[in-house]
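Position in the sequence shown counted from 1, then plus 225, gives you this note's numbering.
Treat the hints as calculated values from the structure; they're not laboratory data. Cβ coordinates follow ideal geometry from the N, Cα and C atoms, glycine included. One or more hints might be untrue.
As the list claims (entries may be wrong) - Straight-line alpha carbon distances no greater than 20 Å define the calculated SDA-like cross-link-like pairs of lysine to any residue that follow:
no.	residue 1	residue 2
1	K433	V445
2	K459	K358
3	K459	I240
4	K298	P420
5	K298	M267
6	K358	A503
Said to hold, decoys possible - Label pairs and their calculated CB-CB ranges:
no.	residue 1	residue 2	range
7	I236	V445	15 to 23 Å
8	A527	S587	43 to 51 Å
9	R289	C328	54 to 62 Å
10	L421	A520	41 to 49 Å
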Amino acid sequence: MGDAFKNGGIIFAPIMTAILGVICVHAQHLLLNCSEDIYTRMKREKPPGFADTVSLVFEYGPARLRPLAPIMKILVNGFLCITQLGFCCIYIVFIANNVKTICDEYGIHIELSIHMIFVVIPVLILCMVRNLKYLTPFSTVANVLMAVGVGAVLYEATQDLPPVESREYLASWHQLPLYFGTAVYAFEGIGLVLPLKNEMKNREQFQKPLGVLNVGMVVVASIFVVVGFLGYLKWGDDVAGSLTLNLRQGHVLSTTVQVLITVAMLLTYPLQFYVPIAITWPFLRKKFGQRLPVAKELGYRALVVMLTFILAESIPQLGLFISLVGAISSTALALIFPPIIQLVATYQNNNKIPPYMILKNSLIITLGIFIFIAGTYQSLASIIRAF
């Protein structure tokens with residue numbers, strides 16, 4: 226988030242991050258409400274997931290929109306795959322950058338691209354785990370390591386802070402799309418809200434005013450604001466895509482933090498990788514996996530890992546990569562689809578849409594389209610300039 230605040234400004238970014246947090250959690254509530262409505266109205270065994278919710282809203286919506294149902298499902302699944310594979314690419318770049326920093330401290334100077342090759346080997350091994358339950362311990366360990374690492378980074382960031390006046394209050398206009406792309410990327414957890422709610426023992430607690438979703442978003446947004454603010458205030462325009470890359474070199478604490486967070490990201494990769502495989506492999510298995518299905522699935526997993534490796538090698542600029550993924554897919558999932566399906570579902574149920582809802586949802590959709598177009602353009606332009 227330090228890189229995002231650099232592209233937003235020390236005053237503008239915290240305020241806008243809080244506003245984006247409110248908008249994103251509101252959009253998540255819209256998705257949850259539509260899913261719950263379908264679950265109740267159609268008497269399904271369990272509430273549908275993200276893609277099925279969008280598809281069913283259109284399928285049972287106004288007659289003119291029903292032919293769009295299959296297309297909408299493909300779009301949502303496509304954006305989910307892009308988002309998760311984008312995370313995987315970012316993880317490879319992140320891990321390789323941190324490994325390079327550690328190696329440089331000890332006089333082992335190797336090109337970043339070579340480090341990525343070494344990183345992809347353990348990633349390949351971890352991604353051969355096919356059952357999600359076996360990945361759960363990895364998630365637990367990763368969360369502990371990440372919490373310790375973030376705490377240490379915050380401690381380092383609070384030492385010898387310069388005055389706030391030394392930083393830009395509002396970044397230049399051509400930087401703002403990069404801020405929005407990164408910020409939306411950080412908040413993009415909408416693909417997880419339905420599974421989380423469905424796994425809860427008391428599902429009704431999830432959406433209450435002081436329920437899991439709202440409280441969780443307040444905590445997450447607060448962490449983002451604190452980390453982003455301190456990161457940009459401490460390191461200014463030199464702030465990196467990951468604050469671990471700004472830590473003092475040759476310091477025991479810095480090296481320890483980089484190792485902890487690097488291991489955490491390595492263990493998190495297979496969890497992010499699971500989603501696109503779960504979406505795409507069932508379709509491919511019907512087509513090509515009748516004979517030797519396990520061997521073919523493992524081969525497909527290896528192929529997708531190598532795809533993320535090639536993309537990571539192509540765009541090794543961590544901050545720009547994060548902004549690009551956020552602009553392309555996170556905005557569509559977090560800001561565009563939820564208000565659209567609420568409008569469709571409301572019209573189908575009531576034969577009309579309240580004016581306030583049209584205005585509110587139109588503003589959210591417009592914001593999403595702006596970030597999608599401007600963020601993608603500026604991210605690609607910055608990537609081209611970087612090369």
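Evaluation of the provided hints:
1. Under the criterion of a C-alpha separation no larger than 20 Å, the hint pairing K433 with V445 is consistent with the structure, at around 17 Å.
2. At roughly 40 Å between alpha-carbon atoms, K459 and K358 are farther apart than 20 Å, so this suggested pair is violated.
3. The hinted pair formed by K459 and I240 meets the criterion: a straight-line CA distance of about 19 Å does not exceed 20 Å.
4. A hinted pair counts as satisfied when its Cα atoms are at most 20 Å apart, and K298 with P420 qualifies at roughly 17 Å.
5. Of the pairs offered as hints, the one joining K298 and M267 holds, with about 18 Å between alpha carbons and a cut-off of 20 Å not exceeded.
6. Distance restraint check for K358 and A503: the Cα-Cα separation of roughly 14 Å lies within the 20 Å cut-off, and the hinted pair is therefore satisfied.
7. Roughly 21 Å separates the CB atoms of I236 and V445, a value that falls within the hinted 15 to 23 Å.
8. Here the CB-CB span from A527 to S587 is close to 45 Å, well matched to the stated 43 to 51 Å.
9. Between R289 and C328, the C-beta spacing of about 59 Å keeps the proposed range 54 to 62 Å intact.
10. Taking 41 to 49 Å as the suggested C-beta distance range, the pair L421 and A520 does not conform, at roughly 33 Å.
Consistency with the previously given hints fails for numbers 2, 10, ordered from lowest to highest.
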